[in-house]
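Asker: If you read the protein sequences in the order shown, they are chains A and B. Under numbering that gives the first Met the number 0, residue 121 is the last one in the first sequence; the count climbs by one each step, no gaps. Under numbering that gives the first Met the number 0, residue 297 is the last one in the second sequence; the count climbs by one each step, no gaps.
Among these hints, one or two may not hold up.
What the hints assert, rightly or not - Partial pick of chain B residues on the chain A-facing surface, computed with a CB cut under 8 Å:
1) 173
2) 192
3) 193
4) 194
5) 211
6) 214
Stated by the list, open to error - The calculated lysine-lysine pairs, modelled on DSSO-like cross-linking and capped at a C-alpha distance of 27 Å, are:
7) 170(B) / 64(A)
8) 170(B) / 37(A)
9) 128(B) / 110(B)
10) 121(A) / 81(A)
11) 253(B) / 31(A)
Hints listed in this document are in silico derivations from the structure and should not be mistaken for laboratory results. Every value quoted in this text rests on a predicted model; they were computed, and no experiment measured them. Where is the CB? At the ideal position from N, CA and C, for every residue including glycine.
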Amino acid sequence: MKSLEGTDPVYIQIADWLENEILSGQVKPQEKIYSQYKLSDIFGINPATALKGLNRLVEKGLVYKKRGLGMFVSDDALEILKKERRDYGMQTQIRNLVEEANRLDVSKEMLIKMIEEAMEKK
Amino acid sequence: MIRCEALTKSFGNNQALQDCSFEINEPSLTGVIGVNGAGKTSLFKTLAGFIKPTKGEAYVLDRLPFQDIKVAQNVIMIEEGMTFHPNATLHELVDSYHRFYGNFDKKLAEKLLDYFQLDSKRPYRKLSKGMASGFRVALGLAAQAPITLLDEPNTGMDPSLRKDLYQIILKDYINNPRVMLISSHYLGEMEQILEKILLIHQGSVMKHDSLEAFQSLLVAVQGRPEIIHSLEEKIPFYEKKDYGAGMSQIIVRKSDLEALKLSAEQEKDLAVNGISSEDCFIYLTRRKGGSINDIYHS
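Could you build all of it, start to finish, from the sequences and the hints given here?
Answerer: Now the structure itself:
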């Protein structure tokens, strides 16, 4: 059984985990995603909670239901996810980074240089 | 499947249940939580037909449960105080439950007895506290009864087994979804497997909702002491902590905070965070008056 350790509600953690599975290519477009009961078993959580997590992905258009067959990853799931994380996740991280830079007296030029160096190392 | 309408039960002067109302209409794994003496066991015993309501009604499968044979065949309740024939071996007890409950899964009972390392030739009264709990859970699950009531199922078990037990219950539920109520005065260890919570406080239903809705009832608000202090005067709070260094925190109802309709400017000075469901439970049911500091105040 996998354990969950975040402070977010469990269904959000399940949704995040599923999104990462899609982003990392573990589950590809047009493939079947983990069922409610499979998730319930993997994480040891209530099936209703697992379904709530799955439904978050449905709402975002990442997966779609096929009647009687289960849920499948949609073709544009990767695009939607990347855009969402660029627009929201990265913006938050950048805000935090800038705040930290201000606290530590790191100038704009220094910060940009540090980012450039980090990107070159990659 | 279960419906309580202003259910009240008193034993002499003691009000065990008071105007309890709630309904469960579909299979769900519900945690019945409350402090000791809140009325959890009395509620279960009423639903199982062991005791009769003083006022109000409980309906189980649309019938009045008290001494009703149809209800008895479809409801199993396990609790620490349940009595068995004093010399009966586990094997004999499994057999008698097998005869009574139509859906009883004998294979499952044997597997569970194995899992709990119970020797079926031993008499029940010779079991240690934790082992006896394991045996009762084996009966409670193997019965596969449409309504399964597990009252503090892990009493006396080792910490590792306590955790595993909830996973066993979950697996059994996934295998055969039905109405399952599990009581505990400790929410933290079982919340993961639950769909809903029924919070019993002083004999009444304080909250019957999804786990997420329950958890979002209360929030922790942090900010500079003077700002927190001004909030305290406007809305009730459950606990206050001063962290020194210009930071205080109060626990309040989310709805109370929202009703204040703070401006964006005011909100900027506050950090509002969720708290764990266990903490929610503790704050909501905390005894009024008296704090630890009053006892040890020098």
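Asker: Hint by hint, say whether it matches the structure.
Answerer: Evaluated hints:
Taken as an interface hint, residue 173(B) checks out: its beta carbon lies about 6 Å from the nearest beta carbon of chain A, inside 8 Å. The beta carbon of residue 192(B) is positioned within 8 Å of a beta carbon in chain A (closest approach about 5 Å), and the interface hint is therefore held. Because the closest C-beta pair between residue 193(B) and chain A is about 6 Å apart, less than 8 Å, the hint holds. Because the closest C-beta pair between residue 194(B) and chain A is about 4 Å apart, less than 8 Å, the hint holds.
A distance limit of 8 Å between C-beta atoms decides the matter here; for residue 211(B) the minimum to chain A is near 5 Å, and the interface restraint holds. Hint status for residue 214(B): holds, given a least beta-carbon distance of 7 Å to chain A, under 8 Å. At most 27 Å may separate the alpha-carbon atoms for a hinted pair to count; residue 170(B) and residue 64(A) meet this at roughly 25 Å. The hinted pair formed by residue 170(B) and residue 37(A) meets the criterion: a straight-line CA distance of about 11 Å does not exceed 27 Å.
Taken as a hint, the residue 128(B) and residue 110(B) pair is honoured in the structure, with Cα atoms around 20 Å apart against an allowance of 27 Å. A distance of roughly 19 Å separates the Cα atoms of residue 121(A) and residue 81(A); the hinted pair therefore holds under the 27 Å criterion. For the hint pairing residue 253(B) with residue 31(A), the CA-to-CA distance comes to about 39 Å; that exceeds 27 Å, so the pair is violated.
Hint check: a violation occurs at hint 11 only; the rest are consistent with the structure.
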